[in-house]
Amino acid sequence: MSNGAMFRTCPDTGLKFHRPAESLMKANAVAAVVFLLVGGFFGLLVGLTRWPEVHLLEAESFYLVLTGHGINVLIFWIIFFEMAVLQFCSSTLLGCRLATPQLAWTAWGLMVAGALINNYAVLWLGNSSVMMTSYAPMPADPLFYLGLILFAVGALINCFIFLATLVIARSERTYQGSIPLVTFGALTAAIIAIFTIASGAIILIPTFLWSVGIVSNIDAGVYRLIWWAFGHSSQQINVSAHVAVWYAIAAIVFGAKPLSEKVSRVAFLMYIAVLQIASAHHLLVDPGLSSEWKIFNTSYAMYLAVMASMVHGLTVPGSIEAAQRARGLNSGLFEWLRKAPWGNPVFSGMFLSLVGFGVLGGITGVVMGAEQINLVMHNTLYVPGHFHGTVVVGTTLAFMALTYWLVPILFRRELILPKLASWQPYIFGLGMAGVALFLMGAGTLGVPRRHWDILFSGAADGGYEFSAAALTMMSLNGMSVVLACLGGALFILIVVGSLLFGRRLDEGAKVGREMIAATPADSAYKGIGVGAITIPGTLAMVFVFFAAFVLYYFINWKYLAETWGIS
Amino acid sequence: MTSLAPPTKQVWWREHIEKGELIWITVVVVWGIIMTLMMPFWHVYGDQNLSGETYKTTPAAFLEKTQAVVDQWTVRTEGQFNKPVVKPPVGADIYLVGRLWDWWPSYELEAGQSYRMHIMSTDWQHGFSLQPANINLQVLPGYDAVITVTPNKAGEYAIVCNEYCGVGHHNMVGKIYVTEGRG
Amino acid sequence: MADKNEQIDESNMPAMQRVLDNPFILLFIGILIPTLAYIVWGIMELISIPIAD
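Protein chains in written order, with our numbering: chain A, 79 to 645; chain B, 83 to 265; chain C, 3 to 55.
Bear in mind the hints are in silico, worked out from the structure with no lab data behind them.
Model, not experiment: these values are computed from the prediction.
Just to be clear, a hint being listed does not mean it is correct.
[What the hints assert, rightly or not] As a list, the in silico DSBU-like pairs of lysine-lysine whose alpha-carbon atoms are at most 35 Å apart:
id: 1; chain 1: A; residue 1: LYS636; chain 2: B; residue 2: LYS138
id: 2; chain 1: A; residue 1: LYS636; chain 2: B; residue 2: LYS257
id: 3; chain 1: B; residue 1: LYS91; chain 2: A; residue 2: LYS94
id: 4; chain 1: A; residue 1: LYS636; chain 2: B; residue 2: LYS169
id: 5; chain 1: B; residue 1: LYS91; chain 2: A; residue 2: LYS104
id: 6; chain 1: A; residue 1: LYS604; chain 2: B; residue 2: LYS91
id: 7; chain 1: B; residue 1: LYS91; chain 2: A; residue 2: LYS417
id: 8; chain 1: B; residue 1: LYS147; chain 2: B; residue 2: LYS235
id: 9; chain 1: B; residue 1: LYS91; chain 2: A; residue 2: LYS588
id: 10; chain 1: B; residue 1: LYS235; chain 2: B; residue 2: LYS257
id: 11; chain 1: A; residue 1: LYS604; chain 2: B; residue 2: LYS101
id: 12; chain 1: A; residue 1: LYS417; chain 2: B; residue 2: LYS101
id: 13; chain 1: A; residue 1: LYS604; chain 2: A; residue 2: LYS94
[Said to hold, decoys possible] Not close to chain C: a few residues of chain A, all C-beta gaps over 10 Å, as computed:
id: 14; residue: LYS94
id: 15; residue: LEU115
id: 16; residue: LEU134
id: 17; residue: MET210
id: 18; residue: LEU224
id: 19; residue: LEU228
id: 20; residue: ALA547
id: 21; residue: LEU577
id: 22; residue: ARG581
id: 23; residue: ALA626
id: 24; residue: LYS636
id: 25; residue: TYR637
C-beta: ideal position from N, C-alpha, C; glycine also.
With the hints as extra help, turn the sequences into a complete structure.
This is the structure in structure tokens:
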């Protein structure tokens, strides 16, 4: 194939798309959205069942649907989308052919087959309502584990194809110097994914063999230790990937450049080195592990990864602020932010993701991950509250924002219902922020996670009466779930509708609006900001964030101090 | 160039870092150190710490020890299944079984006194969630975890299961009564 | 686009930038640290739990 036929140059962005890679990105993104639809619908059912006044499903269906919700959105939706992100960040951003597209199709096939087999076990066979964690020795159908293993193998292949593409790009000199920062973020995600998936294989393969009777026993403690190297680290892939997406959107919408390549890349290095060890967050109240192990691992070896996230929390909006100021929006602290394109869902989704991830997901994760504070939070609804802040408001919203840009650029379709699209991130973000907040509120009041009936109507000798405040939290959570699902449904409607009915953009046709912002000239960056500080607005915001963080952190130690003595 | 393109400078490592960034980096490093120290600090000065004391054992052996405690110190039985309520002497080793779908037995403890509570599951994983004290522990089969508890307030406490353990999970509730200490 | 005026040969590159530019060193770091700190250390603790009398 000649070069011209192998590649397509995007008329709007100048990006060079390798055609085979482009088809793969589409296939992965479409699979992602399908599983988001399935998992998101189950989320609605979960939320409506937890709403005490509604209590929609029966117990068995609730646990089945909760299992399906977790796996479809936490694993299938996100990892499929990440595969597309990896292909985009390697092949497209480096202007390079994707290594072994056929193998990438095999990987895609394995992932689709794995996801379908797993869903078949959960939804059809109905004997695998074991939650996403499938804690041994509670058994699931062998197909449950087999599906996950196939999916993981496919994802692992894609990670190696990503690395191989980096090698090809370097040797074929499709770029000069270092890889772009966004690609570096994707590399971080790929490395964490390799550790994650290997851990998953180490524990799920013996568990599969146990389920078919070849292995006689799976130790519950060892299972948890290694499973969480998979289960938690997979959420760390998301963190790295969505931070990369934040940087990408800052560049797309504002032409922003990194404030400092060095600072941002070292922050990603911290992720690579220690983000995965925080899998220990789940084992802080487990038997048999020492406090030394718990403190070292739960703190990411001295909170290095938290420092990294806080640095990204400054440098991403900071790079936007600098670009806006260089463009002339230089007055006061916040003119650059006030005059940001709040009606553009690519930007608003990304910015809500950034703020939501930091405030709702970040602070709470660190607090809950303090060794002793975990005693008053472990396995309460605080946990799902926290990760709806990280993975939904953070990752999912960032991926939705990027999708609004990918529809015209990658799929070559004009977005339908643009007005609705500009509202969608707010509806979804607000709903999901409510979910995160109210679940955490209920968790603080002791409400258990993965629990069908917190009113204990069937308990033989009576149950426990949770406070009225806790029940109110659950009702408010139910309402937030409905709002979030409305936002999610709008996203699916707009995206699927655009792919099917959106105006087709021919090969050379431009979208007709700015799809990638021009970079302000270096000289325009001179003298921006206030005094010696070029990004005073961002700095002010992160200090407000920091004050909230410190306050909330110590409030929780105080809360811990009020309970029984434990030693 | 933007974050989507390779860095403009071939050697970016020696680039100057902007002042705002440096201020923030200093803050986050200091905060990271403070949070790291907070956990060992609490081990020394705080009253809520897990010792990590754990023994490997079998369900049969653990049940036998639990039965011995029940035989020795049961003060009454209650509920549909005549569940024993055990009132152990202060400082005793006491045993709590988590199983499908029950916490067994119930206990009556004194506020302000300490007890060495052994907790284990004899089947699947369970979650010990003491309400309203809101103390939450993971309970595993085969791992006898020892937690020294010192109740600080009299009252009736429920042990809710907060690790999913099958269709009866939401009905798995236990009891701990705490009476006023003798002062 | 690399700055044409600043052609630096690889040996002059700052060590940290060379690390950050090498995906395989990064991969090694990203596998080794969690494997040792989390998995190996954790498994050692679990298998050294004493048996109850």
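Do the hints match the structure? See the list:
Proximity of LYS636(A) to LYS138(B) is assessed by CA-CA distance (about 34 Å); at most 35 Å being required, the pair is judged to hold. Under the criterion of a C-alpha separation no larger than 35 Å, the hint pairing LYS636(A) with LYS257(B) is consistent with the structure, at around 26 Å. Note on LYS91(B) and LYS94(A): the hinted pairing holds, with a Cα-Cα distance of about 22 Å set against a maximum of 35 Å. Proposed proximity of LYS636(A) and LYS169(B) is supported: the alpha carbons are some 31 Å apart, at most 35 Å.
Taking the CA atoms of LYS91(B) and LYS104(A), the gap is about 33 Å. The hint holds against a cut of 35 Å. Only pairs whose Cα atoms come within 35 Å are accepted, and LYS604(A) paired with LYS91(B) is accepted, the gap being roughly 18 Å. Under the criterion of a C-alpha separation no larger than 35 Å, the hint pairing LYS91(B) with LYS417(A) is consistent with the structure, at around 31 Å. Straight-line distance between C-alpha atoms of LYS147(B) and LYS235(B) comes to about 28 Å, which keeps the hinted pair within the 35 Å bound.
The hinted pair formed by LYS91(B) and LYS588(A) meets the criterion: a straight-line CA distance of about 31 Å does not exceed 35 Å. Between LYS235(B) and LYS257(B) the alpha-carbon distance is near 15 Å, which keeps this suggested pair within the 35 Å criterion. Our distance criterion of 35 Å between C-alpha atoms is met by LYS604(A) and LYS101(B), whose separation comes to about 14 Å. About 25 Å separates the Cα atoms of LYS417(A) and LYS101(B), which keeps this hinted pair within 35 Å; it holds.
Proposed proximity of LYS604(A) and LYS94(A) is supported: the alpha carbons are some 32 Å apart, at most 35 Å. With a minimum CB-CB distance of about 15 Å to chain C, LYS94(A) clears the 10 Å threshold, and the non-interface call stands. Even its closest Cβ contact with chain C, about 33 Å, leaves LEU115(A) beyond 10 Å, as expected for a residue assigned away from the interface. No Cβ of chain C comes within 10 Å of the Cβ of LEU134(A); the nearest lies about 39 Å off, and the non-interface call holds.
At the 10 Å boundary, the C-beta of MET210(A) stays outside the reach of chain C, the nearest C-beta of that chain being 20 Å off. At roughly 23 Å, the least C-beta separation between LEU224(A) and chain C is larger than 10 Å, which holds for a residue marked as non-interface. Every C-beta of chain C lies more than 10 Å from that of LEU228(A), the closest at about 22 Å, which supports listing it as non-interface. With a least CB separation of 37 Å from chain C, ALA547(A) remains clear of the 10 Å interface cut-off, as annotated.
The beta carbon of LEU577(A) is kept farther than 10 Å from every beta carbon of chain C, the shortest such distance being approximately 33 Å. Non-interface call for ARG581(A) relative to chain C: holds, since the shortest CB-CB distance, roughly 34 Å, exceeds 10 Å. Every CB of chain C lies more than 10 Å from the CB of ALA626(A), the least distance being 30 Å, so the non-interface label holds. The Cβ of LYS636(A) lies farther than 10 Å from every Cβ of chain C, with a closest approach of about 30 Å, so its non-interface assignment holds.
Every beta carbon of chain C lies more than 10 Å from that of TYR637(A), the smallest distance being close to 28 Å; the non-interface claim holds.
Checked against the numbered hints above, the structure violates none of them.
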